[in-house]
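As they're listed, the protein sequences go chains A and B. Note that the working numbering has the first sequence beginning at 7, numbered continuously upward. Note that the working numbering has the second sequence beginning at 202, numbered continuously upward.
Source of the hints: derived by calculation from the structure; they are not laboratory data. Even for Gly, the Cβ is constructed at its ideal location relative to N, Cα and C. One thing to keep in mind: the hints can contain errors.
A partial selection of chain B residues facing chain A, derived with a Cβ cut-off under 10 Å [stated by the list, open to error]:
1. Glu219
2. Arg239
3. Thr241
4. Ala291
5. Met320
6. Gln325
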Amino acid sequence: MTLAQAQPVADATRRGRREPAVRLEHVTKAFGDLRVLDDVSFEVPEGIGFIILGRSGTGKSVTLRHIIGLVRPDAGRVFVRGREMSALEGARLSDARREIGFLFQSAALFDSISVGENVAFPMRRHTRLRDQEIRERATQKLESVGLGAHYDKMPGDLSGGMRKRAGLARAMALDPALLLVDEPSAGLDPITSEEIDDLLLELKTAGTTLIVVTHNIPSARKLGDRLVMLHEGRIAIQGTVDDLERSDEALVHAFMSSSHSG
Amino acid sequence: MLDLATGRAAANLASVGEFAQFAGRAARQSVVPPVEFRETVRQLYELGLRSVPLIAASGLAVGVVLSMHTRASLERFGAESMIPAGLAMALVRETGPLTAGLLLSGRLGAGIGAELGAMRVTEQIDALEASAVDAFRYLVVTRVIACVIALPILTTIMNFSGMLGGYLAERAATGMSLGLYFDRAFSLIGMTDYVPATVKTMVFGFIIATVSSYLGYTTRSGTEGVGRASTRAVVFSSMLIIVSNVVLVQLIFFIFPEASG
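Looking at chain B on its own, in the form it has when it is part of the complex:
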């Protein structure tokens, strides 16, 4: 029993080490030319642009619900006029980035894990190598770059659609005009609220791309392995995003003390 547990612990530790090497290689090759430009653009389209409907629709719903909750709370204190600013602050600083990160870890993580896993078990990755193509640079690095670029943009879209959802809820409740709503929404938030919180989603993008690529790229055991890679990609990247968010928020507060106010 003890041997079994020790063996599993050692195997898990080895996997963590292997993943660290994989992520390090991906990070290094993402900034060292040559870049697979065409494939990166294709991935930006597949992973980024095609995620816009999901992000926009989710943002809208989150905005409506957040606005309803905020109204219920602030009404007690007679501070309904603070609803747009409060909602914007919550969205831009935390809710937008984290929700976008988790939503995309589902969509992109599952997609990348399954696609690369299927390519591994059907020998397509070997076929790339046999065609004298650096499969790691072609498949992994392009996805890492695309995710790192796409996440902040998608987060910004989520923030705006969330605010729009908030506006629709306010409009229904009080008949507030669009101009007044956004005027109030932007009255309290500054660049130190937006920039660090949005830039941190680049780390989320890196986590999603490297975790899911690693699990897909190293898939074994046929179609069963593909399913497992896809599920694990979502679970592990979501967990890592939540955990890393704690560290990143601390880091943001340390570098930008005004962001904690």
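For reference, chain A alone in the conformation it holds in the complex:
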């Protein structure tokens, strides 16, 4: 059993979708006097690994939050698989979110329920599967991230890397077509970080569209088909890994030549 199933891609192909998985059009967002995003536009085609790079505080995580509708733009529009997330509310927003998985930087596991129940939670909420079947599927998801034996443990009993993997299993619980990942390597050692990257790569290979916020250039090289670099709320550059590596921009050059892993 792999973490992802090919179904999302098959669905997209069958319906003949031409829309990109995600499209941001001139998105601007400010918190108080601080303008975090300033006229940001990009497209993410289905099935690719899209990396958002940039220094801390340049609006990377806020961009992810716009995509899943946790934050609304002051100006501009956000589309996910043709649906305007920035205009959806209530049940329609919930429907759209079911197609999206989100791995938070802190994993954000619900600490009042077990690790397995965290993974089972989206299935209990959004499917009509029987309890036994949900438990089996949740166990399979945990096995695929190497945590099969930890179903009944509480999140507080896990290490940082294990929490992140459990968070990934929960994000993939409904086999979403689009997975948003916020700083997968943050706070992890290089080996655990590479294990998480391998899991993400496996998902991408199976057809899931990945949008990954990271500072970690080795991760970006491994997962990224396209990259965008944000600087002071604006897009400094976007393109492939090669495009960014060939850039003469001092900031881009400094970033791409770093071996920072976390």
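With the hints as your guide, set chain B onto chain A.
Below, chain B without anything else, positioned relative to chain A:
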């Protein structure tokens, strides 16, 4: 200086308006389906059933102390036989509901404020939303319903345990039998004493749940903010309970004039 004061006043006013909206939304969604049934039952267990030991033990102690004070007063007039009825009246009409409300504003207010605050700062509320769950309905409305249901029940438990405490004090002082004690205790109180006073604790439950949920749900500034939310939840819900009690008692006297006799 004046600018600072004006700025603070405006910010406080904005917070009051924001809270009013929050409470209105909670009230509306509490009566409009869908209801998060499983989570509501879980909250009833966590907030209601698990408060029973605190309420029962406190009620017992309050009953003993009230009985001792009542005895000291009524002995002067040779009216010791009125102690059970007087104690029951005091407990059912006011002492039970208000003491239960204040005790629970401590236990539930601090718990809800800290739990939701911690969930906010660790992104768990965002994770709920990202999982296509209406976090407000799941976290806030379930707690509001649970508190509104639990408070009258816990108040009734407090009244009974208070009377039991009174009985133990009387038993120690005079050797009065259980049957005689409760016979006298219930001789003067009627439904108009019990029902309005107990129903008003539903308002206390609503106050505790909405105030502490609001402060937890809107927590900022990390763990420091969680601590602040928890403390404020207790302080503000206790204050609001005391103030609203004045209004509610007036309202009860207006609707049930016999309750003031």
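When the least beta-carbon distance from Met320 (chain B) to chain A is tested against 10 Å, hint result | 8 Å, holds
Given hint Thr241 (chain B) near chain A, where the shortest CB pair must fall under 10 Å | At about 15 Å, which exceeds the 10 Å cut-off, the nearest Cβ of chain A leaves the hint on Thr241 (chain B) violated.
Do the numbers back the hint for Glu219 (chain B), that is, is its least Cβ distance to chain A under 10 Å?
-> This hint is violated: Glu219 (chain B) lies away from chain A, its Cβ roughly 16 Å from the closest one there, beyond 10 Å.
Should the hint that Gln325 (chain B) touches chain A count as held when the rule is a Cβ pair under 10 Å?
-> 5 Å, holds
Go through the hint on Ala291 (chain B) and say holds or violated, using the shortest Cβ distance to chain A against 10 Å.
-> 39 Å, violated
Answer holds if the nearest beta-carbon of chain A is closer than 10 Å to that of Arg239 (chain B); otherwise answer violated.
-> 9 Å, holds
The structure fails to meet hints 1, 3, 4 from the earlier list, while all remaining hints are met.
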